[in-house]
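Undergrad: Here is what each chain is made of, one letter per residue.
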Amino acid sequence: MKKNNQKNVKTETFFSDKINRKGKTAVMKFIRPLLIFLIFVIMVPDQTTLAGQQTQTRKPDAHFYNIDRETTIEGQVEDLRFEARYEGKAHFLILLVREKNSSELIEVETAPAWFFQTDIHKGEKVRLVGSISEESPGKKVIMAREIKINNRTITLRDRRGFPVWSGGRGRRR
Amino acid sequence: MNILEKSKGKGKVTKKSLIEKKKFTFLNKKIISIPTILFIICLIADFAPAQTVQFSLAHNAVSNIFQSYQPLSDQLTNAGLSFGGDSSSLALYGNLDINYLYKYSGLSSFAGKLGVDLLVPVGAKSAFYLALEGEAVLFRSLYDYFNHSTIRFIGNFKSYLSSSTILRLDSESRLNNYKYSIFDYLAETLTLSLDNYFQSKTTIKFEASYGFKLYFHPGITTGTDSTGTTPAVMNYYIFSGINSMLSTNNQYQPVPLAHNGPGGPGSGHHNPRDNYNMGGSYSIRGIPYQNVYYTGSKNIQVFSFGGLLAQGLGDNLGLSFSAAKQWYLKGENPFSSSDEYFMVENPTYDRFAWDGYSMQVKLTAVITEKLTGEVQYDYYSRQFPGITSMDLDGNSLGITRKDKRHQVSTRLQLDLSRVSLFASYAYLKNSSNDPWFNWSGSVFSAGLIWNLNVSASR
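Those protein sequence lines, which keep their order, are chains P and A. Each residue of the first sequence is one higher than the one before, starting from 1 at the first, in our numbering. Each residue of the second sequence is one higher than the one before, starting from 1 at the first, in our numbering.
Bound conformation, chain A alone (with noise of 0.2 Å):
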């Protein structure tokens, strides 16, 4: 007997057992996910005729994990591995991830893939690639929030026009589904691309993307979540009175959320450290990620366009130029703040919440036969519609955020028999007309790539 029919014996269901019920459930699910999907990889691996691991390693020292005007730093390891690549024309792959902070652990997750792929011959210069996965991402207690499962669905098409001429078209559809479902979306990628190679060692390639990310309900609030645990968020939320809000039309208007004025929690400032302790429903400035109350769908279509001009430089040197522009076609984010954390994934934060532009810059050297290095500069122009830029008290300053990034980053990398060593180090500096995302930093990685033989395979 459940808790639930325990409690109906008992003469009522009530709230509280409603609540842990949902809690238990949802933390069986936790608890049986992780060896479940561990077993079934291994099981999987196992099996398959012809399989890689490959096991993967790197350490990195952030000064800004946050990314915002009060530095805070941090070191993260991840560590993956992965299978797959068999011979076959249907193969299975997969990979679990563990990114681990070590000061703000509560952004630790594991992450754990699988997915079946299909290569599709199509004559002796085409071929297409489908590939099915699911994915899920679990975090840490804090940040279990950001708790999601993905499904991804993705389509491509790749042909040899001429034998120095590649047309490609590929098409990615993905469903996520969060443990917040404010966050929950279906996203659809289409990108066109057309590349050439003179022999004048010169490649020039044109890219044309469109973008569509539907979010279900963006604006959903109720006295709980999904899982049947209230927010902490809730409790500084202040409604207008509902009545007022009905139109005409008997229809829910959207009700903007209130907030405890300078001072309170969810006021827009402190620091970043106090901030992250409010956990993943919370942006890193202390704004609840929902600013609005109203239940419906919002859609974002975004269209980008972009070229590159790459040059070989003898035999061992390359020099390559990109640039690309983005455009919004259509909505805004629905939510009150991008956050973009170093190397943790933030729903609040993808191709789609952004529009303006990008350059690339970079140079790649073959050093020794087993040692290449590369040195890259690449410029952000980026403004977000619908996030409304705040002084450091949380007052809003009426404009639409807009922030300019340089970054110049370097790599080396080391290619053994069967591992690969490398380092790689990154400045960035980002400055904002949101004086919280005027910052500065930089990150040291290292880590190596070893492919573990599995089994022979042709």
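This is chain P alone, in the form it adopts within the complex (with noise of 0.2 Å):
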């Protein structure tokens, strides 16, 4: 037992010398996660890349954010439903819109947090920003950016068009 304990103290002189022993552990495992993650910050390849390298598949109705194509449009809700629209991503809640002016019916594309987080109805007044196209004659798409709701407003995407809604999606707001 004496000859253990003589070796074991020599182990530890040669590591704390300088630090003494709840230090040293406290450092090292303070050290090690941090090791990592800087490892895998420098040796993982940019996400943002890959990302925009990977081709991601949509479905045909659907589009992407132009900016070029930005509207406003007001009117009221007829319909709403949760709708597959990217594969291998979440159902979105699409609204249908009557718009004010040309009693057009468009389709709304909000986000796929919006169906848990804000309780909206049909017959509610919307203002709405975002990018539009025709994917067919007579069928209106818009990818909402903005929309102001029962006397609030809710930011879906920012200028560019890329999406701000925030994670714990299951909350109200």
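Misleading hints may appear alongside valid ones.
Said to hold, decoys possible - Straight-line Cα separation of at most 16 Å, EDC-like style, residue types lysine to aspartate or glutamate; simulated pairs:
#1 A:Lys330 <-> A:Glu188
#2 P:Lys100 <-> A:Asp315
#3 P:Lys122 <-> A:Asp195
#4 P:Lys100 <-> P:Glu74
#5 P:Lys125 <-> A:Glu369
#6 A:Lys201 <-> P:Asp68
#7 A:Lys125 <-> P:Glu83
#8 P:Lys125 <-> A:Asp315
#9 A:Lys370 <-> P:Asp158
#10 A:Lys201 <-> P:Asp158
#11 P:Lys139 <-> P:Glu99
#12 A:Lys125 <-> P:Glu74
#13 A:Lys125 <-> P:Glu78
Just so you know, these hints were derived from the structure itself, not from any lab. Computed from a predicted model, the values in this text were never measured in an experiment.
Combine the two chains into a complex, taking the hints into account.
TA: Below you can see the structure in the form of structure tokens.
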């Protein structure tokens, strides 16, 4: 037992000349995850680049956000549904909005989170800003960037069209 | 060779060495938990194909931080960083929060949360939402008894019965483990709501909720707590002879814990500033939170029912009125006091601490395209089963504590392209049959929420 103690004392002395035993273990445990993090940051390729290179398989009716085709419409919600828009992605809340001036029925794509976070009903007035496309004659689709409803404005995408919906999607806002 | 083995090698395992080992282990957990959580969150955010990172910052000036009859002011800064929101069905989310108090910095805290959630559609009109998350909250050393870890499971179901009628069922299960183990609990909440929107711009909503909370051991006390540290509170307890407490079934009966009389620590008065320095095992009025000694669990069951009536007034105004009533079905508060600090979570105060009713009136307005405002009035009438009112000398008044509160608040929010700025003011007045909780105060807050774009997404 005495020999083991002497051996262990020597080993500890080697490591703990300047740093006491408690501090060494604490520091090592602090540094370890930090080192792993730094390795990943340096070695792992930029996920933004990878995402850009991937080809998103999308349904034929969907489109990309185009800031050159932004428009503002006001209308009334006629119907809502939860629908798959892009393969491999969550369902989006889709609103059917009857435009105030033209009485045209427009499909509005909001966000996957919005189904749970906001209660919206048929008959509510909305004012929204988004990118519009005419997927087929008579069928207009808007990818909403900003929606004003119930006396509050909800931002779904930034000015470049990138989504800003936040995590914890099941919570009410 | 660790401390314990070295102690064994020397021939004995001392209590001091055990306490040091436990302290050291806990300290290590504290040290590794912060960078580990930070690393995990950054790593996951970095890997996620499409994430939004949101930064929030708020500064609050409070005139009565402990919400007691002797107002003490302080300022709080809250900073938070959250990520999440990927368009995938299964997604990760998380956040880091720092809450810093300037004068009473012992109540400052750091929190980290990580979760995974899943959206499961059921047809075109319904969906399930499931989430599992873990969270750790660390306070500074004076209030590290409030340190806790949480595991939370959330299950929600939302369905459009018609295009204007929504049925929703929410479930939340929560397991909290505190450093001061008397606060440990398991809670379950089930909420059912039904709302309908009418063409007259009227919304009617009804909501019923059942809650169950199980404190695992609110009365446990030993020579040391779970970390091996002797709580200071133990120095002020006087125990009756244990033998006299044994029932005929040889079971230990609850032993009321006495404390020093007026003028001594734990006496139920002094002032909030002095009592704050006694740390997290004491209520702000200077009484140890634990008031009985026994082994065993205690559960509380509550039921609440409420309604909301909202009316749109023109295109830019909205008025709503809501009311709710909560009943205790079973159980009562197991602690000596229920303290509610401003913006600081106190384990003795939550929805299970009281029964009573509340009312709210709110007016919202769209002032300009980007500027919204609201004014709100809240009224609460609450009683706290199991909490006895005391006078300012710490003598029991023999009645259950009852509070009535009036609260007026106003808020302005400016929504820019990626940043939202807000400012708010609130005035609160609380009246109680316990003079310690007769107080008033105001809060001024200002801050921003900034959506930082991370990567492209659909």
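Undergrad: Now look at each hint and say whether the structure bears it out.
TA: Structure-based check of all given hints:
1. For the hint linking Lys330 (chain A) to Glu188 (chain A), the alpha-carbon distance of about 14 Å falls within 16 Å, and the restraint holds.
2. Between the alpha carbons of Lys100 (chain P) and Asp315 (chain A) the distance comes to roughly 14 Å, so the proposed pair stays at or under 16 Å and holds.
3. With a C-alpha separation of about 12 Å, the suggested pairing of Lys122 (chain P) with Asp195 (chain A) holds against the 16 Å cut-off.
4. Annotation: proposed proximity of Lys100 (chain P) to Glu74 (chain P) holds, straight-line Cα distance about 6 Å (limit 16 Å).
5. This hinted pair checks out: Lys125 (chain P) and Glu369 (chain A) have alpha carbons roughly 15 Å apart, not beyond 16 Å.
6. For the given pair, Lys201 (chain A) sits about 34 Å from Asp68 (chain P) by alpha-carbon distance, which is inconsistent with the 16 Å threshold.
7. Among the hinted pairs, Lys125 (chain A) with Glu83 (chain P) is consistent with the structure: their alpha-carbon atoms are about 9 Å apart, no more than 16 Å.
8. Between Lys125 (chain P) and Asp315 (chain A) the CA atoms are separated by roughly 8 Å; this keeps the pair inside 16 Å, and the hint holds.
9. Proposed proximity of Lys370 (chain A) and Asp158 (chain P) is supported: the alpha carbons are some 14 Å apart, at most 16 Å.
10. For the hint pairing Lys201 (chain A) with Asp158 (chain P), the CA-to-CA distance comes to about 30 Å; that exceeds 16 Å, so the pair is violated.
11. A threshold of 16 Å between alpha carbons decides the hint, and for Lys139 (chain P) with Glu99 (chain P) the separation of about 13 Å falls inside it, so the pair holds.
12. Between the alpha carbons of Lys125 (chain A) and Glu74 (chain P) the distance comes to roughly 24 Å, so the proposed pair goes past 16 Å and is violated.
13. Restraint check for Lys125 (chain A) and Glu78 (chain P): satisfied, since their Cα atoms lie roughly 14 Å apart, inside the 16 Å limit.
When held up to the earlier numbered hints, the structure conflicts with 6, 10 and 12 and fits the remainder.
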